[in-house]
Amino acid sequence: MKVTMTVNGRPMSAETEGRTLLSSFLREGLGLTGTHVGCDTTQCGACTVHVDGEPVKSCTVLAQDVAGKSVTTIEGMANKDGSLSVIQQAFQDHHGLQCGFCTPGMVMISAALLNEKPNPTEEEVRHYLKGNICRCTGYHNIVKAVMAAAGADSRKLAAE
Amino acid sequence: MHNFDLVKPSSVAEAVAALGSEGAQALSGGQTLLPSMKQRLAAPERLVSLTDIAEMKGVCRGEEGLVVGAATPHGVVAREAKAHYPALAWLAGEIGDPSVRARGTIGGSLANNDPAACYPAAALASGATIVTDRREIAAGDFFQGLFTTALEEGEIVTSVRFPLPERAAYMKFAQPASRFALVGVFVAQFADGVRVAVTGAGEDGVFRWTEAEGALSADFRPEAVEGLSLSAEGLLGDLHGTPAYRAHLVKVLTKRAVAAA
Numbered sequence: 001m002k003v004t005m006t007v008n009g010r011p012m013s014a015e016t017e018g019r020t021l022l023s024s025f026l027r028e029g030l031g032l033t034g035t036h037v038g039c040d041t042t043q044c045g046a047c048t049v050h051v052d053g054e055p056v057k058s059c060t061v062l063a064q065d066v067a068g069k070s071v072t073t074i075e076g077m078a079n080k081d082g083s084l085s086v087i088q089q090a091f092q093d094h095h096g097l098q099c100g101f102c103t104p105g106m107v108m109i110s111a112a113l114l115n116e117k118p119n120p121t122e123e124e125v126r127h128y129l130k131g132n133i134c135r136c137t138g139y140h141n142i143v144k145a146v147m148a149a150a151g152a153d154s155r156k157l158a159a160e
Numbered sequence: 001m002h003n004f005d006l007v008k009p010s011s012v013a014e015a016v017a018a019l020g021s022e023g024a025q026a027l028s029g030g031q032t033l034l035p036s037m038k039q040r041l042a043a044p045e046r047l048v049s050l051t052d053i054a055e056m057k058g059v060c061r062g063e064e065g066l067v068v069g070a071a072t073p074h075g076v077v078a079r080e081a082k083a084h085y086p087a088l089a090w091l092a093g094e095i096g097d098p099s100v101r102a103r104g105t106i107g108g109s110l111a112n113n114d115p116a117a118c119y120p121a122a123a124l125a126s127g128a129t130i131v132t133d134r135r136e137i138a139a140g141d142f143f144q145g146l147f148t149t150a151l152e153e154g155e156i157v158t159s160v161r162f163p164l165p166e167r168a169a170y171m172k173f174a175q176p177a178s179r180f181a182l183v184g185v186f187v188a189q190f191a192d193g194v195r196v197a198v199t200g201a202g203e204d205g206v207f208r209w210t211e212a213e214g215a216l217s218a219d220f221r222p223e224a225v226e227g228l229s230l231s232a233e234g235l236l237g238d239l240h241g242t243p244a245y246r247a248h249l250v251k252v253l254t255k256r257a258v259a260a261a
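From first to last, the protein sequence lines are chains A and B. Under our numbering, the first residue of the first sequence carries the number 1, and numbering increases by one thereafter. Under our numbering, the first residue of the second sequence carries the number 1, and numbering increases by one thereafter.
It should be emphasised that the hints constitute simulated quantities derived from the structure, not laboratory data. Check before you lean on any hint, since a few could be wrong.
Said to hold, decoys possible - Calculated from the model, a selection of chain A residues having no Cβ within reach of chain B, i.e. all distances over 12 Å:
| hint | residue |
| --- | --- |
| 1 | 17 |
| 2 | 28 |
| 3 | 40 |
| 4 | 65 |
| 5 | 86 |
| 6 | 127 |
| 7 | 132 |
| 8 | 135 |
What the hints assert, rightly or not - Estimated spans, in silico, between C-beta atoms of each pair:
| hint | chain 1 | residue 1 | chain 2 | residue 2 | range |
| --- | --- | --- | --- | --- | --- |
| 9 | A | 117 | B | 23 | 36 to 46 Å |
| 10 | A | 1 | B | 192 | 33 to 43 Å |
| 11 | B | 23 | A | 84 | 41 to 51 Å |
| 12 | B | 14 | A | 53 | 24 to 34 Å |
| 13 | B | 14 | A | 79 | 25 to 35 Å |
Backbone N, C-alpha and C fix where the C-beta goes; we use that ideal spot for every residue, glycine too.
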């Protein structure tokens, strides 16, 4: 069955089976491989994308179940002129990534947090990012980056 | 995952009809069912998605308490129940993580009846009524053991009605990897007494700690349960905690819940 959804603002279609996951639809159907599949068991959050503005783990959503909806992936996060968005730039500035595998999911979940709560506390950031796992264990700089993107003075955060 | 057909009904009646076919199963948020299907623990031939049925969504204050549509995701309950039933809203906001809460639903959680899920404790402690496409079931009759409920084949939970307690609180000792409750205790005080429901600990799933209910109905203070001890018999034991450890946690969390209520 052909499924169409609005991906990063543009209507896009691909053939699906009932079992096609949103992550497979994006990566294999549309070639948008910025969405990473880490664990494929709903635990790591590397595959996080937004569906109608809400974060979801795209490895645990069926493509046909979100047909017609609006999806944002990491490819849709940069500014229109191609420069990095505030959150992406903050991850770069604060070394919020090491190997980078979890980064697309981290950026997407952080964007969801800042949409919901523009000025979170450090504790709120850590709570919200619970379902996103960084195997390099670089959490501290990730939290710093999110705080900086929210306009907080990240130098005030404890060093380690 | 084995392949299947996905159907997306837009009304409860259509969903019930679609579930009538051989090998069909209801799909709510899918946060448990899809991982189970990937592990081939389940292989339905047809999934009937309940996610776009408008009549099964939303949180609404009615005369008999708070009515939560069964297809309402945890994140929405966390936001919209806050003004009416803060303990329930807090519970919903601590399930899994934000992405899981955006998809997983109250109806899916109750119908699955995982022995470590949070919602069954809220339903049982509140004396909630589970409303289905064909009848109403008291929470006390609904939960019937591990992953077992009173639901018939093809029966759909459409909403849950929570009577509103005078005060209540939920305390959860989370298993850090799964974020399910290693033990969770929901305490609710009503005009006619206190109800205490425990999840994560019972071999047969959620249960009421009636001894604590008696003590707390007489004296709603953490000290009231100090002298009680829950038997470890019939409690779950696994590599995360022995039955005795869980029994201890039940008491600690009950006291904390009473203090927080």
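Hints and how they fare:
1. 17: Non-interface label fails for residue 17 of chain A: nearest chain B Cβ at 5 Å, not farther than 12 Å.
2. 28: Since the minimum Cβ distance to chain B is about 15 Å, residue 28 of chain A lies beyond 12 Å and the statement holds.
3. 40: About 7 Å separates residue 40 of chain A from the closest Cβ of chain B, which leaves it inside 12 Å; violated.
4. 65: 5 Å, violated
5. 86: Since the minimum Cβ distance to chain B is about 20 Å, residue 86 of chain A lies beyond 12 Å and the statement holds.
6. 127: Violated, because the least Cβ-Cβ distance between residue 127 of chain A and chain B comes to about 9 Å, which does not exceed 12 Å.
7. 132: 8 Å, violated
8. 135: Holds: least Cβ distance 14 Å, greater than 12 Å.
9. A:117 / B:23: 36 to 46 Å: Hint holds: Cβ distance 43 Å, inside 36 to 46 Å.
10. A:1 / B:192: 33 to 43 Å: 53 Å, violated
11. B:23 / A:84: 41 to 51 Å: 48 Å, holds
12. B:14 / A:53: 24 to 34 Å: Given about 27 Å between the Cβ atoms, the range holds.
13. B:14 / A:79: 25 to 35 Å: 43 Å, violated
When the structure is compared with the earlier hints, violations turn up for hints 1, 3, 4, 6, 7, 10 and 13 and for no others.
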